[in-house]
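Trainee: Okay, here's what each chain looks like letter by letter:
Number of protein chains: 2
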Amino acid sequence: MSDNRYIGVFDSGIGGLTVVKSIVECMPGENIIYFGDTAHVPYGTRSKRQITEYVLADVRFLRTFDIKAVVIACNTADSVAKEKVREVNPDLPVFGVVDPASRLAAVSTKNGRIGVIATNATVKTGAYERAIAKYNEDATVFMEACPLLVPLVENGRFRPGDPVIEIVLKEYLEPLVEKNIDTLVLGCTHYPLLQEAITHLYPSLNVISSSDAAAAKMLGTLIQNGTCNENTEAAQSERKYFVSDDAEGVDNLARVFMGDELGGTFRQVDVE
Amino acid sequence: MSDNRYIGVFDSGIGGLTVVKSIVECMPGENIIYFGDTAHVPYGTRSKRQITEYVLADVRFLRTFDIKAVVIACNTADSVAKEKVREVNPDLPVFGVVDPASRLAAVSTKNGRIGVIATNATVKTGAYERAIAKYNEDATVFMEACPLLVPLVENGRFRPGDPVIEIVLKEYLEPLVEKNIDTLVLGCTHYPLLQEAITHLYPSLNVISSSDAAAAKMLGTLIQNGTCNENTEAAQSERKYFVSDDAEGVDNLARVFMGDELGGTFRQVDVE
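Heads up: the protein sequence lines correspond to chains G and U, in order. Residue numbers for the first sequence follow numbering that gives the first Met the number 0, beginning at 0 and rising by one. Residue numbers for the second sequence follow numbering that gives the first Met the number 0, beginning at 0 and rising by one.
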């Protein structure tokens, strides 16, 4: 039996598209609704109460479509509001990005030393330390806030060999490498675009993308629940993209994240 | 007669502090209220209607103090909403940043070729082309959007010799230099911090800071109207700083802009 309902994915902006990309890679036939709450980006600087309100509104919007699961594709929103989303939507499978990446890092580290790079806001929540400890209480976690990586990625500066991204990455990563980490979690949905540049600089690191980990976790659950879409052709899947602020220029930025796999265009929608 | 009332200065964030710094440099004894609407930063991606609403609320907040003038220390807000602010506040001298810098560039260029660097949002408004044409209809204006400069400045990467800022500045400025400009307007309140790095790379350019130009324009008007503060000691002046979102961390960022001249700390305030 095929479950053709949509998978809902949302983020404060368009970084969450890396989760869509990961979902498309492992489940190309699934129908997807994406919502970027660009009227309120970035969530990281808002209060917890305010973030929770925005996140619940995001999910309400996604539920105006017939969705079978939702991914909170934003590390800040996930850390702050996932439990509330589950409480308000007890019938809906809710996935985050922090927990799947933390589990993968916790079980795959050889020396128990894990680095996590993230935005200031995510670092402050302490969510990765808590989640990793849940799966491996002996692991030592080193957090590094990397405020320049999001603007650099959004301006297309993420490719191996770009001198700017290489200088900035080295400054952020060198302190972690000096701590002898063997595993690095990309704790922001923008960062999977940097995976190649990071591996180029530090080829021996075990690099874990929170977007890939979230998609893999969802695939496992859909299989377990028998709610996969039997279609496996991307060409026959449906993708709908929305933002809450002006959609002008968003398609171009979105293509930085997904290239030709985008398969749709963004529309503006008012969400309350 | 001394006019001890405050000068009000506001911006969507804290970039407008470069205007405060310029005011302090030429009028150290003036009392100043600064408001950064950080709950709604950045204005650049919002609609004109939304920006105008925010700007009018910003001015209403500043007017809860006894102010003798207001500076719209944000290029986007100035371009979009200055006329409306004047209409709603006919009794208040209202200064922007675009007009004073444009006038200065228009009258000081030798070859009539002027470059302007700004954010995407300010470039789109076309405000600099219009303002420069008003003062010098023969001038040719070349605009360059520089989306990476604000995050680089806010992360402290603005000093001459920093390889990251030098690479990025060269990429943005080379096309303008190739157009044979002799004058460069820093059309964003964050950019005065880059003046030294730019002069280091292009020593022959006539570099005009919109923040300095706005402060000079205001000084002229205060003198003309006889509304200067007779006090000329910074130590005896009063500075009040407010933001509309969480004030945590703002003082540190503010010190990037003003160093020890800040002379105050930020408080959070709700503005409707």
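Fair warning: there could be bad hints in the mix.
Identical copies look the same in the list; a pair holds intra-copy or inter-copy alike.
[Claimed, not checked] Calculated lysine to aspartate or glutamate pairs in the EDC-like style (CA-CA distance at most 16 Å, straight line): (1) K109 to D181; (2) K47 to D245; (3) K123 to E247; (4) K169 to E143; (5) K47 to E143; (6) K47 to E24; (7) K81 to E52; (8) K178 to E24; (9) K20 to D259; (10) K47 to D244; (11) K20 to D244; (12) K47 to E82; (13) K133 to E24; (14) K123 to E177; (15) K216 to D137; (16) K123 to D245; (17) K83 to E260; (18) K133 to E229; (19) K47 to E153; (20) K239 to D250; (21) K109 to E136.
Keep in mind that the hints were calculated from the coordinates and are not lab data. Fair warning: this is a prediction, and the values are worked out from it, not measured in the lab.
Trainee: Against this structure, judge whether each hint is valid.
Mentor: Structure-based check of each hint:
In this assembly of identical chains, K109 and D181 lie within 16 Å of each other by CA distance solely inside one copy; the values are 7 Å within and 59 Å between copies. Taking identical chains as interchangeable, the C-alpha atoms of K47 and D245 lie at most 16 Å apart only when they sit on different chains, with a minimum of 11 Å there against 25 Å within one chain. Proximity of K123 and E247 under a CA criterion of 16 Å is satisfied inter-copy only: 12 Å between copies versus 32 Å inside one chain copy. For the homomeric pair K169 and E143, the shortest alpha-carbon distance inside one copy (12 Å) is at most 16 Å, but the shortest distance between copies (29 Å) is not.
In the homo-oligomer, the alpha carbons of K47 and E143 never lie at most 16 Å apart, since the shortest distance is 21 Å inside one protomer and 37 Å across protomers. Taking identical chains as interchangeable, the C-alpha atoms of K47 and E24 are never at most 16 Å apart, the minima being 33 Å within one chain and 39 Å between chains. With identical chains, the CA atoms of K81 and E52 are at most 16 Å apart within one copy only, with a shortest distance of 12 Å there and 33 Å across copies. Proximity of K178 and E24 under a CA criterion of 16 Å is satisfied in neither setting, with 33 Å inside one chain copy and 45 Å between copies.
For a Cα distance limit of 16 Å, the shortest separation of K20 from D259 inside one copy, 11 Å, qualifies, whereas the shortest one across copies, 47 Å, does not. Proximity of K47 to D244 under the C-alpha cut-off of 16 Å is restricted to the inter-copy arrangement: shortest distance 12 Å between copies versus 22 Å within a copy. For a Cα distance limit of 16 Å, the shortest separation of K20 from D244 qualifies neither inside one copy, at 22 Å, nor across copies, at 33 Å. Taking the shortest alpha-carbon separations for K47 and E82, only the intra-copy value of 13 Å comes in at or below 16 Å, while the best inter-copy value is 37 Å.
For the homomeric pair K133 and E24, neither the shortest alpha-carbon distance inside one copy (28 Å) nor that between copies (55 Å) is at most 16 Å. Taking the shortest alpha-carbon separations for K123 and E177, neither the intra-copy value of 22 Å nor the inter-copy value of 45 Å comes in at or below 16 Å. Taking identical chains as interchangeable, the C-alpha atoms of K216 and D137 are never at most 16 Å apart, the minima being 23 Å within one chain and 63 Å between chains. Taking CA atoms no more than 16 Å apart as the test, K123 paired with D245 passes between copies only; the shortest distance there is 14 Å, against 30 Å inside one copy.
When the C-alpha separation of K83 and E260 is checked against a cutoff of 16 Å, the pair qualifies neither within a copy, at 32 Å, nor between copies, at 44 Å. Taking the shortest Cα distances, K133 and E229 never come within 16 Å of each other, neither inside one copy (34 Å) nor across copies (64 Å). Neither within a single protomer nor between protomers do K47 and E153 lie at most 16 Å apart by alpha-carbon distance, with minima of 25 Å and 24 Å respectively. Taking identical chains as interchangeable, the C-alpha atoms of K239 and D250 lie at most 16 Å apart only when both belong to the same chain, with a minimum of 12 Å there against 42 Å between chains.
For the homomeric pair K109 and E136, the shortest alpha-carbon distance inside one copy (14 Å) is at most 16 Å, but the shortest distance between copies (69 Å) is not.
Violation of the numbered hints given earlier is confined to hints 5, 6, 8, 11, 13, 14, 15, 17, 18, 19; the remaining hints are satisfied by the structure.
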